[in-house]
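Protein chains: 4
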Amino acid sequence: MPRLARNSYGKSSVRLVKVVRQGDRHEIRDLTVDISLEGDFERAHTAGDNSAVLPTDTMKNTVYAKAREEPLGEPEVFAAMLARHFLKVSPASSIARVRIAEHPWRHLRVGSREHGSSFERASRERRMAEATAAREGTLDVFGGLDDAFILKSSNSAFEGYPHDRYTTLMETRDRLLATSLSARWRYGDETKSYGVIAKVVRNALIEAFAEHQSESVQHTLYAMAKAALEQSVEIDEISLRMPNKHHLLVDLTAFGLDNPNEVFVATTEPYGLIQATVRR
Amino acid sequence: MPRLARNSYGKSSVRLVKVVRQGDRHEIRDLTVDISLEGDFERAHTAGDNSAVLPTDTMKNTVYAKAREEPLGEPEVFAAMLARHFLKVSPASSIARVRIAEHPWRHLRVGSREHGSSFERASRERRMAEATAAREGTLDVFGGLDDAFILKSSNSAFEGYPHDRYTTLMETRDRLLATSLSARWRYGDETKSYGVIAKVVRNALIEAFAEHQSESVQHTLYAMAKAALEQSVEIDEISLRMPNKHHLLVDLTAFGLDNPNEVFVATTEPYGLIQATVRR
Amino acid sequence: MPRLARNSYGKSSVRLVKVVRQGDRHEIRDLTVDISLEGDFERAHTAGDNSAVLPTDTMKNTVYAKAREEPLGEPEVFAAMLARHFLKVSPASSIARVRIAEHPWRHLRVGSREHGSSFERASRERRMAEATAAREGTLDVFGGLDDAFILKSSNSAFEGYPHDRYTTLMETRDRLLATSLSARWRYGDETKSYGVIAKVVRNALIEAFAEHQSESVQHTLYAMAKAALEQSVEIDEISLRMPNKHHLLVDLTAFGLDNPNEVFVATTEPYGLIQATVRR
Amino acid sequence: MPRLARNSYGKSSVRLVKVVRQGDRHEIRDLTVDISLEGDFERAHTAGDNSAVLPTDTMKNTVYAKAREEPLGEPEVFAAMLARHFLKVSPASSIARVRIAEHPWRHLRVGSREHGSSFERASRERRMAEATAAREGTLDVFGGLDDAFILKSSNSAFEGYPHDRYTTLMETRDRLLATSLSARWRYGDETKSYGVIAKVVRNALIEAFAEHQSESVQHTLYAMAKAALEQSVEIDEISLRMPNKHHLLVDLTAFGLDNPNEVFVATTEPYGLIQATVRR
Numbered sequence: 002m003p004r005l006a007r008n009s010y011g012k013s014s015v016r017l018v019k020v021v022r023q024g025d026r027h028e029i030r031d032l033t034v035d036i037s038l039e040g041d042f043e044r045a046h047t048a049g050d051n052s053a054v055l056p057t058d059t060m061k062n063t064v065y066a067k068a069r070e071e072p073l074g075e076p077e078v079f080a081a082m083l084a085r086h087f088l089k090v091s092p093a094s095s096i097a098r099v100r101i102a103e104h105p106w107r108h109l110r111v112g113s114r115e116h117g118s119s120f121e122r123a124s125r126e127r128r129m130a131e132a133t134a135a136r137e138g139t140l141d142v143f144g145g146l147d148d149a150f151i152l153k154s155s156n157s158a159f160e161g162y163p164h165d166r167y168t169t170l171m172e173t174r175d176r177l178l179a180t181s182l183s184a185r186w187r188y189g190d191e192t193k194s195y196g197v198i199a200k201v202v203r204n205a206l207i208e209a210f211a212e213h214q215s216e217s218v219q220h221t222l223y224a225m226a227k228a229a230l231e232q233s234v235e236i237d238e239i240s241l242r243m244p245n246k247h248h249l250l251v252d253l254t255a256f257g258l259d260n261p262n263e264v265f266v267a268t269t270e271p272y273g274l275i276q277a278t279v280r281r
Numbered sequence: 002m003p004r005l006a007r008n009s010y011g012k013s014s015v016r017l018v019k020v021v022r023q024g025d026r027h028e029i030r031d032l033t034v035d036i037s038l039e040g041d042f043e044r045a046h047t048a049g050d051n052s053a054v055l056p057t058d059t060m061k062n063t064v065y066a067k068a069r070e071e072p073l074g075e076p077e078v079f080a081a082m083l084a085r086h087f088l089k090v091s092p093a094s095s096i097a098r099v100r101i102a103e104h105p106w107r108h109l110r111v112g113s114r115e116h117g118s119s120f121e122r123a124s125r126e127r128r129m130a131e132a133t134a135a136r137e138g139t140l141d142v143f144g145g146l147d148d149a150f151i152l153k154s155s156n157s158a159f160e161g162y163p164h165d166r167y168t169t170l171m172e173t174r175d176r177l178l179a180t181s182l183s184a185r186w187r188y189g190d191e192t193k194s195y196g197v198i199a200k201v202v203r204n205a206l207i208e209a210f211a212e213h214q215s216e217s218v219q220h221t222l223y224a225m226a227k228a229a230l231e232q233s234v235e236i237d238e239i240s241l242r243m244p245n246k247h248h249l250l251v252d253l254t255a256f257g258l259d260n261p262n263e264v265f266v267a268t269t270e271p272y273g274l275i276q277a278t279v280r281r
Numbered sequence: 002m003p004r005l006a007r008n009s010y011g012k013s014s015v016r017l018v019k020v021v022r023q024g025d026r027h028e029i030r031d032l033t034v035d036i037s038l039e040g041d042f043e044r045a046h047t048a049g050d051n052s053a054v055l056p057t058d059t060m061k062n063t064v065y066a067k068a069r070e071e072p073l074g075e076p077e078v079f080a081a082m083l084a085r086h087f088l089k090v091s092p093a094s095s096i097a098r099v100r101i102a103e104h105p106w107r108h109l110r111v112g113s114r115e116h117g118s119s120f121e122r123a124s125r126e127r128r129m130a131e132a133t134a135a136r137e138g139t140l141d142v143f144g145g146l147d148d149a150f151i152l153k154s155s156n157s158a159f160e161g162y163p164h165d166r167y168t169t170l171m172e173t174r175d176r177l178l179a180t181s182l183s184a185r186w187r188y189g190d191e192t193k194s195y196g197v198i199a200k201v202v203r204n205a206l207i208e209a210f211a212e213h214q215s216e217s218v219q220h221t222l223y224a225m226a227k228a229a230l231e232q233s234v235e236i237d238e239i240s241l242r243m244p245n246k247h248h249l250l251v252d253l254t255a256f257g258l259d260n261p262n263e264v265f266v267a268t269t270e271p272y273g274l275i276q277a278t279v280r281r
Numbered sequence: 002m003p004r005l006a007r008n009s010y011g012k013s014s015v016r017l018v019k020v021v022r023q024g025d026r027h028e029i030r031d032l033t034v035d036i037s038l039e040g041d042f043e044r045a046h047t048a049g050d051n052s053a054v055l056p057t058d059t060m061k062n063t064v065y066a067k068a069r070e071e072p073l074g075e076p077e078v079f080a081a082m083l084a085r086h087f088l089k090v091s092p093a094s095s096i097a098r099v100r101i102a103e104h105p106w107r108h109l110r111v112g113s114r115e116h117g118s119s120f121e122r123a124s125r126e127r128r129m130a131e132a133t134a135a136r137e138g139t140l141d142v143f144g145g146l147d148d149a150f151i152l153k154s155s156n157s158a159f160e161g162y163p164h165d166r167y168t169t170l171m172e173t174r175d176r177l178l179a180t181s182l183s184a185r186w187r188y189g190d191e192t193k194s195y196g197v198i199a200k201v202v203r204n205a206l207i208e209a210f211a212e213h214q215s216e217s218v219q220h221t222l223y224a225m226a227k228a229a230l231e232q233s234v235e236i237d238e239i240s241l242r243m244p245n246k247h248h249l250l251v252d253l254t255a256f257g258l259d260n261p262n263e264v265f266v267a268t269t270e271p272y273g274l275i276q277a278t279v280r281r
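As you go down the protein sequences, you meet chains U, W, Y and P in turn. The working numbering numbers the first residue of the first sequence as 2 and each following residue consecutively. The working numbering numbers the first residue of the second sequence as 2 and each following residue consecutively. The working numbering numbers the first residue of the third sequence as 2 and each following residue consecutively. The working numbering numbers the first residue of the fourth sequence as 2 and each following residue consecutively.
Extracted from the complex, chain U is given alone in its bound form:
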């Protein structure tokens, strides 16, 4: 009889928008929530016995009900609350994971002031939060961000790499470097001020990216991770994912033109992909 080695199930892409009102001043919280449970669901798989299977539809309902019953707070807090809740109501689960993407809205400006209840989506960058609650009582909380599209038009080089018979890339001291940054950092146990830390870490990442004398994506990735760990003692580990969104210098010589790092073609395929985890 084949053995169930691993299993998980849950609900993904639960889209929640909450309007928080203080008089005429509103705030928009716009979240995408993913929930996943792991544990002893053997009989559901092998015998069609659903007595331990909390429906994913119930998970979805729970997100909406909890969003009404409680203040959302930082996404890490909401994720942790949900993870603990699902662990409690699903005795078969040994682990409950909740991941939240928060989509940013900002108030529209009318003349020189902010309108209280009109908004625009600020950017496609999303703040991320993940919480994993385990039956034995541990809770791991991660913060992060996804899809921060950033670019350097100077201070980026790539040279000194090995050449083999398939190498055609030209070494360069000056190239355009662009990435769509994803980051995940693990909060230490005693953290409460997720929002403050998330801002400090994001700032550290962005400023290190901006200021770095880059010899490669790896080199800049590490400098960014290092800066984040240095500037926020509340995190003990950070993972960065940096796709190299290549901008290729266009060869204009056929038209009698030079191209001193000025005209590029932005490409989507293929792309380099650089990932690393850095710890204290």
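Treat the hints with care, since some could be wrong.
Copies of one chain are not kept apart here, so a pair can be met inside one copy or by any two copies together.
Claimed, not checked - List of simulated lysine-lysine pairs, DSS-like, C-alpha gap at most 27 Å:
#1 Lys-227 - Lys-67
#2 Lys-67 - Lys-246
#3 Lys-19 - Lys-227
#4 Lys-200 - Lys-19
#5 Lys-246 - Lys-19
#6 Lys-89 - Lys-200
#7 Lys-227 - Lys-89
The set of hints was computed from the structure by calculation and includes no laboratory data. Since this is a predicted model, take the numbers as computed values, not measurements.
Position chains W, Y and P against the provided structure of chain U, taking the given hints into account.
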């Protein structure tokens, strides 16, 4: 013999990034260019005779070469220059159209100052420009914007509509209204300052959206178009496209909870779609 | 006072799946329906008066109710029925348009037989149908298809085109030609057998594409349109949209290798775009 | 000094199309290749020393050159060859991974015969192959498939699950079950006939899905995995990912209509997500 009633061809999605340097201060121009020609290409279709068919590959090359040879200027100016160029080099063409989407980048901040050569994508909203040059000498120039994702959490109603046997929608004086706005406006003949006008028009649209006491998407769309025409005499027509990105109030009564316009589910399908053109 | 020059509104992306059962043999009808009305909706725009505005939510409900009340039949028939219905229940409308995309499912095979109630999505190609009902009594019906991804690895050339200072493309008698075909054809007045005609037209398009000695996309497009008009007298006009999905020959000379039209890189940006309408 | 805990880099989305010709009969091989290396790249990260960093551009070139130099064979074979090659040319690497998605094309039919050099994309389902070569000499090879969109309109139930205060889902003996199946199976050491095994495994998965009396997605997933392991002794483990693409029964009672499992709305968000790995 079947007759060729209409035809067009061209190159789409030419991705151009230009770095404009003034010392250590750089600017990023990030454009997607679409080119299309119409005219007498009968023999290409019916006889396989390509003697009148300027290759779309040449169109692409031209975009990159022109980006090096000339300052880009406003996207409307670049689009108009390209449209006239293609009309000139393709004698068979009676019409040349060029459409440009400009993707916004802004300088990263390091501490309290802007970094000169590091950037982040500002939002997914794109500034649009379209130019149509005709053999008889006319040039039509349109400005616009695509994908401005905006939302009102108050001052939006929908009631007083006809009911038939398939109507279940509840009338409401307070709903959440969200759209991903697209706009196109036609510039008058004598315009030169596209950038200034585009800012004025965008501002008019956004402020009218923010301030409007909305009775429907149509009602707000018209108010926005009216505001744009009033605040910028240099445009004579504006078309708006406003998908109604429905945010549905979640029914929490099964959980013993009310929901005073607080918790919504954001949906993508189906969506309302409201479009109109307004003229002086 | 600015004048409302054109306007339309409706519901898009209504996702309908209907299971049609004959004993143990089921069929899946999977449609995406878009509805749009045009007419005298002036007061909705200018005065916030919704008394003429059939809610788009009602349109959505109507699609689902009609799908239960009536056999769906060919998508053209369902589109025409819906268009006429909306014209009737919305007296302010002068035109009602309904567009349907049908997503294909086929029965799964178990051993040598088809399973009666298990299915797989057949391809990403969609059958299209559009109906426009006008107040004055006319009904225009179009059939079509979207996103038929087809490719020729021989009998495709491109040469004899004009050269200017920006031309670098090499002339060729042998290239790879790929497109994602969209087609729309207008049915004559007396047509009833949409399904049969749609099959004949699709066959004509596909066979002409396969067999054509192509001198350009335009040349093949016209041959396809001509074949469709010749093989189906029930249609009087056909429009084709053929993006040229470029497959670029990889230059392997740096590695001491030739490349006799064998190894290509498939690209998505930029792409050529060829469109034409052909009539009897 | 922060420590580099894990790192990987490589090239993703290398798009390769190869035309294989036997006289007038061609075949299209259409692959997307992802390459990733892990190993001792510490100095690239911490010191900007690229002497061990095989450029991702070289990886891309290698894919195209190897596609010309060698017959592609089964995607598993090409992946394994590439993984071993990259391990050899990158001494710093301890692990080289290559993942290949193969996009299916089939010959177009003209009348009753297949055209030798004209094709259509068969479906959006992709055959997958992954090879991981390790410095110590091991090679792990996985086969798989992604995005097989399948649906059951009978023999699917979900009942007997726990209820809590957030449960509103109705128990049912008859629902529509749809998923976009992904599978990965590990080949045993001595396997050579990847193509035959991949067909047997796919068949086993599809037939088990079609025939299963489903009490839940988990129940069907396990039955599918079990069937695959039983019908192919050459694989020792299989992982399945089955998003539950919910089709919701439309409530038509407001229109005086019943809905005996006939009219559904297909939804994309939120979705259930069921995953498991099953071993001998």
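Status of each hint after checking the structure:
1. In this homomeric assembly, Lys-227 and Lys-67 never come within 27 Å of each other (Cα to Cα): the closest approach is 37 Å inside a single copy and 39 Å across copies.
2. Taking the shortest alpha-carbon separations for Lys-67 and Lys-246, only the inter-copy value of 24 Å comes in at or below 27 Å, while the best intra-copy value is 39 Å.
3. For the identical chains of this complex, Lys-19 and Lys-227 are neighbours neither inside a copy (36 Å) nor across copies (31 Å), given an alpha-carbon limit of 27 Å.
4. When the C-alpha separation of Lys-200 and Lys-19 is checked against a cutoff of 27 Å, the pair qualifies only within one copy, where the shortest distance is 22 Å, while the shortest distance between copies is 31 Å.
5. Only between protomers do Lys-246 and Lys-19 lie at most 27 Å apart by alpha-carbon distance; the minimum there is 15 Å, versus 34 Å within a single protomer.
6. For the identical chains of this complex, Lys-89 and Lys-200 are neighbours neither inside a copy (32 Å) nor across copies (43 Å), given an alpha-carbon limit of 27 Å.
7. Taking identical chains as interchangeable, the C-alpha atoms of Lys-227 and Lys-89 are never at most 27 Å apart, the minima being 37 Å within one chain and 31 Å between chains.
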